[in-house]
Amino acid sequence: MLSRLLFAGSGGQGVLTIGNILGNAAMLEDFHVTFLPEYGAAMRGGTANCTICIADEDIASPVASNPDIVLAMNQPSVLSFINRLQSGGKMIYNSSIVDVVPFREDIETHPSPASELAQEIKSPRSTNMIILGSFLKMSNIVKLEKVHQSVDMLMGKKKKVAEEVKKAISLGYDKFPFETEK
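Heads up: the sequence shown begins at 1 in the working numbering, then just goes up one per residue.
Hints may contain errors.
Said to hold, decoys possible - Derived lysine-lysine pairs resembling DSS-like cross-links, with alpha carbons at most 25 angstroms apart:
| hint | residue 1 | residue 2 |
| --- | --- | --- |
| 1 | Lys157 | Lys175 |
| 2 | Lys158 | Lys146 |
| 3 | Lys90 | Lys146 |
| 4 | Lys167 | Lys146 |
| 5 | Lys122 | Lys175 |
| 6 | Lys137 | Lys175 |
| 7 | Lys159 | Lys146 |
| 8 | Lys122 | Lys158 |
| 9 | Lys122 | Lys137 |
| 10 | Lys158 | Lys143 |
| 11 | Lys166 | Lys146 |
| 12 | Lys167 | Lys157 |
| 13 | Lys166 | Lys122 |
| 14 | Lys143 | Lys157 |
| 15 | Lys167 | Lys143 |
| 16 | Lys90 | Lys122 |
Claimed, not checked - Distance ranges between label pairs, derived from CB positions:
| hint | residue 1 | residue 2 | range |
| --- | --- | --- | --- |
| 17 | Glu38 | Asp106 | 23 to 31 angstroms |
| 18 | Pro37 | Lys159 | 21 to 29 angstroms |
| 19 | Asp99 | Lys157 | 38 to 46 angstroms |
| 20 | Ser65 | Met1 | 17 to 25 angstroms |
| 21 | Asp56 | Lys159 | 28 to 36 angstroms |
| 22 | Lys159 | Asn66 | 35 to 43 angstroms |
| 23 | Lys143 | Gly88 | 20 to 28 angstroms |
| 24 | Asn66 | Ile121 | 29 to 37 angstroms |
| 25 | Met1 | Asp106 | 20 to 28 angstroms |
| 26 | Glu38 | Gly156 | 22 to 30 angstroms |
| 27 | Lys159 | Glu108 | 32 to 40 angstroms |
| 28 | Gln149 | Val100 | 35 to 43 angstroms |
Everything labelled a hint here was simulated from the structure, so no lab data went into it. Quick caveat: nothing in here was measured; it's all calculated off a predicted structure. The C-beta atom is built at its ideal place from N, Cα and C for all residues, glycine as well.
Put together the whole structure using the sequences plus the hints.
See the structure below:
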């Protein structure tokens, strides 16, 4: 099994945090993992993406030129990466702020109203964790429990923050699937 993933958005949307949490969770499940972050010069508002490879054997390259799954946090990321997605792949996107998803007959697209759900729970900063939860349910690569364990490890002594993060991830997980498109 080899899963090549690409997570993309703008700086400040927490794309690299998604990758970090997922990568650590995959290692907790004894998978081999590579994590390759990439970000523009701007701290906020510039581009940010990361590729993650998760496998049950050694990984030859951390590069995911044609990922199996793309998670897109914003409209520019959808437009930039939908054509890199391999045939048979899946794209999950933040449907709260993405208006246009170009049609490709050979992929699945999955909307996640992550920003709307974050507003409902009065935590706009949780958008990335909500879409991570949706991704976990859609992809079935890593168990939710291991992701929660990863959050606990990464948050250290910030127990209250860790609990809020885990609730947001569980919300996205529990609410998925949303209306699936083909």
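These are the hints, each one checked on the structure:
no. : hint                                : verdict
1   : Lys157 x Lys175                     : violated (29 angstroms)
2   : Lys158 x Lys146                     : holds (18 angstroms)
3   : Lys90 x Lys146                      : holds (22 angstroms)
4   : Lys167 x Lys146                     : holds (14 angstroms)
5   : Lys122 x Lys175                     : holds (17 angstroms)
6   : Lys137 x Lys175                     : holds (9 angstroms)
7   : Lys159 x Lys146                     : holds (17 angstroms)
8   : Lys122 x Lys158                     : holds (19 angstroms)
9   : Lys122 x Lys137                     : holds (23 angstroms)
10  : Lys158 x Lys143                     : holds (23 angstroms)
11  : Lys166 x Lys146                     : holds (11 angstroms)
12  : Lys167 x Lys157                     : holds (17 angstroms)
13  : Lys166 x Lys122                     : holds (15 angstroms)
14  : Lys143 x Lys157                     : holds (23 angstroms)
15  : Lys167 x Lys143                     : holds (15 angstroms)
16  : Lys90 x Lys122                      : violated (29 angstroms)
17  : Glu38 x Asp106: 23 to 31 angstroms  : holds (26 angstroms)
18  : Pro37 x Lys159: 21 to 29 angstroms  : holds (27 angstroms)
19  : Asp99 x Lys157: 38 to 46 angstroms  : holds (41 angstroms)
20  : Ser65 x Met1: 17 to 25 angstroms    : holds (19 angstroms)
21  : Asp56 x Lys159: 28 to 36 angstroms  : holds (33 angstroms)
22  : Lys159 x Asn66: 35 to 43 angstroms  : holds (40 angstroms)
23  : Lys143 x Gly88: 20 to 28 angstroms  : holds (24 angstroms)
24  : Asn66 x Ile121: 29 to 37 angstroms  : holds (35 angstroms)
25  : Met1 x Asp106: 20 to 28 angstroms   : holds (21 angstroms)
26  : Glu38 x Gly156: 22 to 30 angstroms  : holds (26 angstroms)
27  : Lys159 x Glu108: 32 to 40 angstroms : holds (37 angstroms)
28  : Gln149 x Val100: 35 to 43 angstroms : holds (37 angstroms)
When held up to the earlier numbered hints, the structure conflicts with 1 and 16 and fits the remainder.
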